[in-house]
Amino acid sequence: MTTTTEAPAKTPLVRLTACDKSYGNIIALGGISLEVDAGEVTCVLGDNGAGKSTLIKIIAGLHKPSHGSYEVDGVPVTFDSPREALERGIATVYQDLAVVPLMPVWRNFFLGNEVRKRLGPVRRLDIDFMRKTTKKELLDMGIDLRDVDQPIGTLSGGERQCVAISRAVYFGAKVLILDEPTAALGVKQSGVVLKYIVQARERGLGVIFITHNPHHAYPVGDRFLLLKRGKAIGYYSKDEITRDELTAQMAGGAELDELHHELQRGGKAAAEAAHVLEEEVQELGITHEPTAGS
Amino acid sequence: MSQTVATPAPPARDERLGRRSALARLLARPEMGALVGAIVIYIVFFIVAAPFREATSLSTVLYQSSTYGIVAVAVALLMIGGEFDLSAGVAVTSSALVASMFSYQFTANMWVGVVVSLVVALAIGFVNGYLVVKTAIPSFLVTLGTFFMLRGLNLAMTKQVTGNVATNDVSNIDGFGSAQNVFASQFTVGGVSIRITLLWWILFVAVATWVLLRTRVGNWIYAVGGSAPSSRAVGVPVNRVKIGLFMAVSFLCWFTGMHTLFAFNTVQSGLGVGNEFIYIVAAVVGGCLLTGGYGSAIGAAIGAFIFGMAQLGIVYAGWNPDWFYFFLGALLLGAILLNTYIRRRAEASR
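Keeping their order, the protein sequence lines are chains F and X.
The opening residue of the first sequence carries number 1 in our numbering; numbering runs sequentially from there.
The opening residue of the second sequence carries number 1 in our numbering; numbering runs sequentially from there.
In short, the hints are calculated from the structure, not lab data.
Be a bit skeptical, because a hint or two may be false.
To be verified - Partial pick of chain X residues on the chain F-facing surface, computed with a CB cut under 7 Å:
1. Val-211
2. Thr-215
3. Tyr-222
4. Ser-227
5. Pro-237
6. Arg-344
Just so we're clear, the structure is a prediction, and the values are computed from it rather than from any experiment.
Built from N, CA and C at the ideal position, the CB exists for glycine as well.
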């Protein structure tokens with residue numbers, strides 16, 4: 001990938017600065033800043049309801065931030081629709097992947113962007129080209145499909161995820177937003193997807209990797225944004241944080257501690273669980289802090 | 001297959017792909033169940049009914065099948081696109097009534113009535129489609145509503161205009177002859193009379209098949225039926241595709257209506273009720289999934305052919321025609337079971 005503008009310093013592909021989003025009187029997101037560089041993976045971590053999906057929707061162009069600035073290649077932007085974001089090279093791979101299970105892999109790959117050739121007055125699909133391209137693009141991502149004519153529903157979850165990723169890459173994505181790509185996958189399949197995330201990074205793409213699993217985020221991430229209740233509770237580059245610290249932050253040491261006390265009150269079996277939990281808390285090196293807010 | 005990339009060229013066939021026999025690959029086609037069924041039924045009638053063996057009988061069966069098969073083509077496309085149209089049966093009659101009454105009442109050239117009827121038919125299709133995509137109410141309910149409305153309109157308007165339940169004979173109106181040539185003529189090949197609807201039927205099936213498999217719109221039809229939200233997410237104009245499909249159904253309803261009009265000169269206003277199920281049965285027997293996203297136009301054609309064979313074969317065999325609907329129901333169940341079985345096997349073999 002070539003940089004077209006001679007920026008004095010390295011301009012991140014995507015930069016959010018102090019973004020807020022409120023729906024009526026509900027503040028879904030407050031003061032979030034985030035950067036994604038080319039060839040970098042920025043992980044967004046947070047539990048359910050932390051504001052991850054609101055953040056994606058802002059970056060993907062579904063929502064506009066209430067306050068704060070959103071820059072792409074250093075230029076402030078406001079997107080009215082996901083299509084505009086897509087035109088700027090920001091592609092989102094949602095959890096449902098936007099594939100049609102009964103259709104062949106290659107038809108899914110080109111769905112909505114069909115390649116056609118002219119045949120007299122009418123235009124027909126260039127099936128041969130689309131088949132070959134699908135096969136080649138997937139091979140470049142390291143997926144060696146047996147048959148691009150098989151219905152995409154017959155692929156495994158990880159493979160389907162990868163088809164969706166390579167489709168976004170092929171159609172000119174510079175920034176990939178991956179919405180919990182490993183959430184519904186087993187250990188092995190998750191590993192496959194993580195491999196493709198690294199592959200996309202190696203190809204010079206910026207990746208925003210949404211997840212609630214620090215064990216998935218840490219090995220591939222360059223930066224980590226931790227969200228909780230709509231606020232950033234930490235923003236680190238990889239050399240500033242270890243995996244255990246990340247896990248501890250994510251798990252919310254204070255909550256774990258509280259849970260431990262709760263379980264201890266719950267009787268014999270629960271007390272045993274509490275003991276295990278306590279050990280884990282100590283292992284992670286969580287310091288006791290008063291629970292903020294709640 | 002040549003490969004220009006420097007990476008080790010993937011072989012033309014992947015070595016992990018066991019060679020599926022030609023038969024297994026054929027069986028994976030959606031219309032295979034129907035084809036097998038059609039052959040079996042043909043053989044049965046061929047054995048039990050002597051008149052069935054004659055070429056003229058086959059011509060009659062094909063004609064009968066074509067009158068159902070033309071609309072069934074569009075109904076199959078609509079079903080692949082994930083929707084139903086219960087108003088298709090009476091819409092055929094509506095089209096014929098409009099053309100007939102318009103030309104008769106305004107003493108206009110027959111072709112004016114034909115064009116007015118086309119506009120009305122396309123409007124019906126548009127309204128069906130628009131209501132379905134805008135309200136997100138299942139098409140089953142929306143078109144059930146338009147079915148009853150059209151049924152009432154057909155009878156009430158005809159009685160209002162002509163004072164009768166049928167339209168007046170239009171065979172003396174200018175342009176009747178040329179319109180009849182287009183919609184309802186016949187010619188003789190080797191002593192067997194062939195109705196022109198058969199040719200139209202073949203043409204519509206061929207066009208629909210080509211559109212489905214070789215064009216972008218065809219891709220979109222499978223996609224909106226397979227998963228409308230996913231299609232929308234990748235930029236497929238889901239609503240336009242669905243409205244277009246409803247209009248395709250009403251276009252072929254109009255065509256069949258024109259055939260009815262020019263074949264019989266008058267139109268009974270009560271005609272067509274129940275035919276909507278025949279179209280749907282033909283599509284389903286032909287391998288279309290009720291849930292959308294899977295099926296073929298050729299399958300629907302074979303489905304209509306099975307229907308035509310059964311309807312006339314019972315007569316040729318001298319069986320009591322009262323049993324026809326029982327037979328039809330059994331046929332439908334059998335075809336669906338066979339389809340399901342074949343599809344499962346085909347998918348398992350992938």
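Hint check results:
The interface hint given for Val-211 (chain X) is broken, as the beta carbon of that residue sits about 9 Å from the closest beta carbon of chain F, more than 7 Å. Restraint check, Thr-215 (chain X) versus chain F: the minimum CB separation of about 6 Å is within 7 Å; hint holds. Because the smallest distance between the Cβ of Tyr-222 (chain X) and any Cβ of chain F comes to about 6 Å, under 7 Å, the interface hint for this residue holds. Evaluation of the Ser-227 (chain X) hint against chain F yields a held restraint, the C-beta minimum of about 5 Å falling below 7 Å.
At its closest, the beta carbon of Pro-237 (chain X) sits 9 Å from a beta carbon of chain F; the interface hint therefore is violated under the 7 Å criterion. Interface restraint check: Arg-344 (chain X) against chain F, minimum CB-CB distance 13 Å, threshold 7 Å, status violated.
Hint compliance for this structure: hints 1, 5, 6 are not met, and every other hint is.
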